[in-house]
Amino acid sequence: MSNAQQFDTRPQGEIPVESPLAYSMQRSGTPKAKAGTKVTMRERPFLGQLTLRGGAIVLDEALREVLGLGLPGEPLGLVQDKAGERSIQWMSPDEWLLIVPGGEEFDVERRLREALGDAHFAISNVGGGQTVLELEGEAANEVLKKSVAYDVHPRHFPVGKGVTTVFAKATVILRRPSEERWELVVRRSFADYTYRWLLDAGEEFDIAVEN
Amino acid sequence: MFYILCPYCGEHREEEEFHPKGQAHIARPEDPENTSDDEWGDYLFFRDNPRGVHHELWVHAVGCRKFFNITRHTVTYEILEVYKMGEQPSITAENYAAHQAAASADNERNASQGKHQQGVRA
Amino acid sequence: MSQPNRLKTGGRVDRSRQLTFTFNGQRYQGHPGDTLASALLANGVDIVNRSFKYSRPRGIVAAGAAEPNGIVQLGSTEAGQVPNVRATQQALYEGLTARSTNGWPNVQRDLMGLIGKLGGQFMPPGFYYKTFMAPASMWLTYEKYIRKAAGLGRSPNENDLDIYDHRHQHCDVLVVGAGPAGLSAALAAGRAGARVMLVDEQEEMGGSLLSSRENIDDAPATSWVEKTLKELSELEHVTLLPRTTANGYHDHNFVTLHERCTEHLSDLAPSVNGRRQVRARLHRVRAGQVVLASGAHERPLVYGNNDVPGSMVAGAVSTYIRRYGVAPGNRLVLSTSNDDGYRAALDWAEAGREVVAIADARQNPDGELVEQARSKGIRIIAGSAVIEARGEKRVSAAKVAKIDIAGFKVAGPVEELACDTIASSGGFSPVVHLASHTGSRPTWNEDILGFVPSPVKGMTPAGGAHGVYALGKVLEDGVAAGNAASEACGFSAASVSQPNVKNLREGAAVALYQVPHLKATLRGPKQFVDMQNDVTSAAIELATREGFESIEHVKRYTALGFGTDQGKLGNINGMAIAARCLGRTIPEVGTTVFRPNYTPVSFGAIVGRHCGELFDPERYTAMHQWHVENGAEFEDVGQWKRPWYFPRKVNGKTETMHEAVSRECSAVREKVGILDASTLGKIDIQGPDAREFLGRVYTNKWAKLAPGRVRYGLMCKDDGMVFDDGTTSCLAENHFLMTTSTGGAATVLEWLEIWHQTEWPELDVYFNSVTDHWATMTVTGPEARKLMSELTDIDLDKDSFKFMDWREGNVAGVPARVFRISFTGELAYEINVQANYAMHVWKKLFAHGDKYGLTPYGTETMHVLRAEKGFIIAGQDTDGSVTPEDLGMHWAIGYDKPNSWIGKRALTRPDTKRTDRKQMVGLKPKDPKVVLEEGAQIVLDPNHPIPMPMVGQVNSSYYSPTLESGFALAVVKGGHQKMGDTVYLPMADGKVHEAEIVSPIFLDPKGERQNV
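Residue numbers (my numbering), protein chains in the order written: chain A, 1 to 211; chain B, 212 to 333; chain C, 334 to 1345.
In case anyone wonders, no lab produced these hints; they're calculated from the structure. There may be inaccurate statements among the hints.
To be verified - The calculated lysine to aspartate or glutamate pairs, modelled on DMTMM-like cross-linking and capped at a C-alpha distance of 20 Å, are:
1. C:LYS1246 - B:GLU250
2. C:LYS790 - B:GLU226
3. A:LYS169 - B:GLU227
4. B:LYS295 - C:GLU1083
5. C:LYS1259 - C:ASP1212
6. C:LYS1237 - B:ASP253
7. C:LYS1177 - A:GLU18
8. C:LYS982 - C:ASP969
9. A:LYS169 - C:ASP737
10. A:LYS169 - C:GLU1083
11. B:LYS295 - C:GLU1086
12. C:LYS1230 - B:GLU244
13. C:LYS1237 - B:GLU241
14. A:LYS169 - C:ASP1130
15. C:LYS1246 - B:ASP253
16. C:LYS790 - B:GLU289
17. B:LYS295 - B:ASP253
18. C:LYS1246 - C:ASP1260
19. C:LYS1034 - B:GLU244
20. C:LYS974 - A:GLU18
21. B:LYS295 - A:GLU18
22. C:LYS1246 - B:GLU289
23. C:LYS1230 - B:GLU241
Said to hold, decoys possible - Pulled from the structure, derived: some chain B residues nowhere near chain A, Cβ distances all over 10 Å:
24. GLU228
25. ILE237
26. ASN245
27. SER247
28. VAL273
29. GLY274
30. GLU292
31. TYR294
32. THR303
Stated by the list, open to error - To list a few chain C residues with every Cβ distance to chain B over 10 Å, as calculated:
33. GLY526
34. ARG619
35. ASP737
36. ALA844
37. ILE1087
38. VAL1103
39. LYS1135
40. THR1192
In this text, all values refer to a predicted model and were calculated from it rather than measured experimentally. Every residue gets a Cβ at the ideal spot worked out from N, C-alpha and C, and that includes glycine.
Bound-form chain A, shown alone (with noise of 0.2 Å):
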């Protein structure tokens, strides 16, 4: 659509890059594993993200076009490709979050904006702007029990959920896309803040922070 700026905010050469923890994780450090550990952090950063607005239909086949992967069905759901790499998640009636492998995004953007054509929608780069924390072992419930109201228990959030909410004195998107692992998109300033707290809370399960 060209009555809209599309920036491709991504350089061309070699420039150094610094992910919203590189500050924190110097000056707070990354503890390893030890026997006890119960819990494992890891922060996964340089993901493309786009923020979509629109109609859920024309959105929908957009994306099944350009990804072959659809809109979750219900409000937050969370869709991932078989690889889980590239992932959709339900953040309002006319707004989903889709993360897909860093430098993907500019290109997928040009492909949506095409096949949306003069469809009302908009698409918002937001990569520089938040970033993934994984969380990991049998405490992660605990951890986030002591972080967030929201009820993370399995029966109420089960795999393919995703939700914003209030973490700590912060927000969060947290979001379940595996058994396993629990997913944090954190804003980048709030980024510190949200790892401080994590080693915190996490310190009773010796929390391992992978680098």
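Chain A is fixed; fit chains B and C onto it per the hints.
Quick look at chains B and C alone, frame taken from chain A:
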């Protein structure tokens, strides 16, 4: 701490995810330039403060970011219903008593309301 | 072993182990399983405190949360001080150190007691206020001493060394109380498959069964408790939380629990594997259903001098004997209005101690427990009560007399019975506190002579909590409540077989609260209703005589049920006395409202981990590390940490803020400076109606803004008052990038959404926050273009990239949008790059900027520079009462726009049209060295007598190195018409500053410097 059903997310969420935005159904006058100062003043500043059924506008701020309406009892804090923008409430101050009677008939346990003295909050 | 009151056998304490503890400086011994109270009683410690108001000696009265006297200060170190601990709830541990809360110099020999004695007669409710009322100015002085004398425990003067924690919990069924009703309810709901939480405030679960005389399934009740707990602990979805008090019952089944994790172990939480344990944990529970199985509190009878140590609630006597193996005296007189009280006498007798007599208020007591007492040869005096206790530091005798309850008088001769303990029972009050927290007023139930909870949505009471007392019925009731709760959550009711319990034949109780005395209430010996707050029956009677008719007013006048007590023992007795005095029934008088918390909660538990560096989020920009490494001082702007200024070391000396800011200001005005502006809110706006929408939310025109151009805009609320400002750029015909103030980012986005979603849903437009996606750096100053030209492929020619244009290109090899907007009044480029690459760009700018004198500057310099130009900061120069006209920004108001944009209509209201509104002006102090205080009030005549009429205030004030003078932005009534006038600013220290009203644009009024 309320537990609020978001009509868009389809499930209950903690109050901390929401912002209250005041009385619902305050329509902006269609033609502001031809609205009298008094009418404009009413629209801007005057709100109901009922003891009982009240319709309120809320937003699921940390969530789907959608605005919606809550019908809430200002004494019991019970949320009687939630409904989306553009919809009308089914429970109002006028029909509340009838609604309660119907609900009580369903549940006799709730029928034995004693005499309650109204007190002050400290 | 010197525990004179410890029985040889019985109880649940571990006699094989000794624990040493200290109370008021004296060392004692107790056993694991003791509470501090049971250990004190075992050691024969009669006086545990002095009373709050009259300083009377007080002893332990109860055995649990209801205890009004045994309130102690815990802790052997300063940092470990814990006030308001109930001795009856505190488990004994080795080395426990406690002190009485009241009493000076000590509880045995209390000087304040003299006042109580002398002043006692003259200390009616309101005494302090009435006595120390004049002169009014002295009240603060009086109050200090009165409070010191009263004493309510003290907080530690050192940081708490312990850590605390929070857990968010969700369950289908929350069962409060693990007595017979709670255990049965949990069992039923747990077997049904529901997610169940069972919480109990005591050291052990089991409640009344831990000291019960009754058998369940032909075995001691405690075996049934063990069996039930075992099954519950094996159910996957059941959580058991002992030592956990449900303290507050809030809206929509939100319950706060206070779990005391290590408080039974030691002063400071012990370490395990080198890791300090959590001392206490606050659980925030959202329950589908709540089963309220909180039991009932026994009511003491209100007789004369009923606070002399040795006076106890009957059930507490049983608990000390049966659960702790402590007989708290030798010779007992029991005063009761019901069968249940007899248990205390039976337990007393079975412990081998003497029961002197039972004064039973009923004419013909005949229940099964009465028969048991008779068969033991215990003397029962029917139709009588203890009307007064004798003794000072311990009960020495009980005065017993026949009483006429209906006539409220003594009906026969008084007999004085020598004894050292008086137990009393006036029946039971269901613990309705939690249900009351929800706002529900309890209902009087005449059958049980008590208030029961009124219906609360999602709550089912069980057992004693709603007046079901017989054990067999309680177990049945618990199962029914558990099943009702789990069914309400969508589970099928479970089958739980009813255990075999022998039902006792019970005689009817009689309603007795205040016991009549020979003398009238106001002249007789003190009858205490609320011992913690020292409220007497006379105080309540006096309150009603003085015209306080509402029980809520009586409560506030007398302090009945105040504070940490929350009316556990005394409230119903207080209501009954008020009812008697007012000639009403108890339900007519009603209850007061019980409030959270049920028992005191430590601040640590409330705070949890939200302390120290985790107290509040700190938001960082992508360049934060650079700022830290380059010595920035930071300023909090909302949650953001923004560099405030960058002090340098000059000759080994660090610059002051004034020096640093002066240097930074000069660098921007003369060379080039750089600011991290990433915190500005950024909203990506797309859609065919984006332009139309902007025209409605901004006061100025947007119809003709072309792609590649930027415009400044003001936003008003519909009352015409400015609430935010910023620039918006046209990225493409249907695509805009809006910036907001740092603090306004979230508010503005919500503002756009509320108008779109509720008023103008027909407009096709979407708003997305991209604040964190972009990092923004402002390069500004006369040398800015030279520096930029070294790093970018964008054509910087002043005619092709003009002021208020934006261009895209590469800066330091990174794709960037560059905006030629200026908040300093100088030539400026705002570079926006994806945040992950920002540090690289920032460092490259410095690598090239050195030769141009590139200087990082912070928010303070930014403020000086913008204020010199008269640029406002929304929220600093505006406060929700300032219109665009008041700001003198007529140029930004599109009165002739076709739509009625937000705020427009209000600008023609008479109030907004007034010419004497506070209007923004500049202020130039007559003395250039003076920097006016922000917030200082402006007057026209400094010699006017106080109060002087104030005409405005200073909003922004700085020292300008460029102007070599202080200067300020202010609002002054009718200020736009007062240019050149002199105004005055009287200060708190008596100085009066003089200033001239000038234009708010102090520098380059034509804007030539930014437009080069």
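Do the hints match the structure? See the list:
1. About 17 Å separates the Cα atoms of LYS1246 (chain C) and GLU250 (chain B), which keeps this hinted pair within 20 Å; it holds.
2. Of the pairs offered as hints, the one joining LYS790 (chain C) and GLU226 (chain B) holds, with about 18 Å between alpha carbons and a cut-off of 20 Å not exceeded.
3. Annotation: proposed proximity of LYS169 (chain A) to GLU227 (chain B) holds, straight-line Cα distance about 10 Å (limit 20 Å).
4. A threshold of 20 Å between alpha carbons decides the hint, and for LYS295 (chain B) with GLU1083 (chain C) the separation of about 17 Å falls inside it, so the pair holds.
5. Using a Cα cut-off of 20 Å, the hinted pair LYS1259 (chain C) and ASP1212 (chain C) is violated, with the two alpha carbons roughly 27 Å apart.
6. The hinted pair formed by LYS1237 (chain C) and ASP253 (chain B) meets the criterion: a straight-line CA distance of about 16 Å does not exceed 20 Å.
7. Taken as a hint, the LYS1177 (chain C) and GLU18 (chain A) pair is honoured in the structure, with Cα atoms around 15 Å apart against an allowance of 20 Å.
8. For a cut-off of 20 Å, the pair hint linking LYS982 (chain C) to ASP969 (chain C) is broken: about 23 Å separates their Cα positions.
9. Taken as a hint, the LYS169 (chain A) and ASP737 (chain C) pair is broken in the structure, with Cα atoms around 62 Å apart against an allowance of 20 Å.
10. About 19 Å separates the Cα atoms of LYS169 (chain A) and GLU1083 (chain C), which keeps this hinted pair within 20 Å; it holds.
11. Under the criterion of a C-alpha separation no larger than 20 Å, the hint pairing LYS295 (chain B) with GLU1086 (chain C) is consistent with the structure, at around 15 Å.
12. This hinted pair checks out: LYS1230 (chain C) and GLU244 (chain B) have alpha carbons roughly 12 Å apart, not beyond 20 Å.
13. Taken as a hint, the LYS1237 (chain C) and GLU241 (chain B) pair is honoured in the structure, with Cα atoms around 14 Å apart against an allowance of 20 Å.
14. For the suggested pair LYS169 (chain A) and ASP1130 (chain C), the alpha carbons sit about 47 Å apart, so the restraint of at most 20 Å is broken.
15. Of the supplied pair hints, the one linking LYS1246 (chain C) and ASP253 (chain B) holds, its CA atoms being roughly 18 Å apart against a limit of 20 Å.
16. A threshold of 20 Å between alpha carbons decides the hint, and for LYS790 (chain C) with GLU289 (chain B) the separation of about 8 Å falls inside it, so the pair holds.
17. At roughly 25 Å between alpha-carbon atoms, LYS295 (chain B) and ASP253 (chain B) are farther apart than 20 Å, so this suggested pair is violated.
18. Between LYS1246 (chain C) and ASP1260 (chain C) the alpha-carbon distance is near 35 Å, which puts this suggested pair outside the 20 Å criterion.
19. Pair hint LYS1034 (chain C) plus GLU244 (chain B) holds up; C-alpha atoms about 18 Å apart against a cutoff of 20 Å.
20. A hinted pair counts as satisfied when its Cα atoms are at most 20 Å apart, and LYS974 (chain C) with GLU18 (chain A) qualifies at roughly 19 Å.
21. Our distance criterion of 20 Å between C-alpha atoms is broken by LYS295 (chain B) and GLU18 (chain A), whose separation comes to about 42 Å.
22. Distance hint between LYS1246 (chain C) and GLU289 (chain B) is unfulfilled; the C-alpha atoms sit about 44 Å from each other, more than 20 Å.
23. The straight-line distance between the Cα atoms of LYS1230 (chain C) and GLU241 (chain B) is roughly 16 Å, inside the 20 Å bound, and the hint therefore holds.
24. Once the 10 Å rule is applied to beta carbons, GLU228 (chain B) is inconsistent with being away from chain A; the minimum gap is 6 Å.
25. With a least CB separation of 23 Å from chain A, ILE237 (chain B) remains clear of the 10 Å interface cut-off, as annotated.
26. The Cβ of ASN245 (chain B) lies farther than 10 Å from every Cβ of chain A, with a closest approach of about 32 Å, so its non-interface assignment holds.
27. With a cut of 10 Å on Cβ distances, SER247 (chain B) stays outside the contact zone with chain A, its closest approach being about 37 Å.
28. At roughly 5 Å from the closest C-beta of chain A, the C-beta of VAL273 (chain B) falls inside 10 Å, breaking its exclusion from the interface.
29. A beta-carbon of chain A is positioned within 10 Å of the beta-carbon of GLY274 (chain B); the least distance is around 5 Å.
30. Annotated as non-interface, GLU292 (chain B) keeps its C-beta farther than 10 Å from every C-beta of chain A; the closest such distance is 19 Å.
31. No beta-carbon of chain A comes within 10 Å of the beta-carbon of TYR294 (chain B); the shortest separation is about 15 Å.
32. For THR303 (chain B), the non-interface assignment is confirmed: its Cβ lies about 26 Å from the closest Cβ of chain A, beyond the 10 Å cut-off.
33. Interface exclusion of GLY526 (chain C) from chain B stands, the closest Cβ pair being 21 Å apart, more than 10 Å.
34. With a least CB separation of 6 Å from chain B, ARG619 (chain C) falls inside the 10 Å interface cut-off, contrary to its annotation.
35. With a cut of 10 Å on Cβ distances, ASP737 (chain C) stays outside the contact zone with chain B, its closest approach being about 29 Å.
36. With a least beta-carbon separation of about 18 Å from chain B, ALA844 (chain C) lies farther than 10 Å from that chain, consistent with its non-interface assignment.
37. Against chain B, the non-interface label of ILE1087 (chain C) is violated: not every CB pair exceeds 10 Å, the least being about 6 Å.
38. Consistency note on VAL1103 (chain C): stated as away from chain B, and its beta-carbon is indeed over 10 Å from all of that chain's, at 15 Å minimum.
39. In this structure LYS1135 (chain C) is separated from chain B by more than 10 Å, as the shortest Cβ-Cβ distance comes to about 36 Å.
40. At roughly 27 Å, the least C-beta separation between THR1192 (chain C) and chain B is larger than 10 Å, which holds for a residue marked as non-interface.
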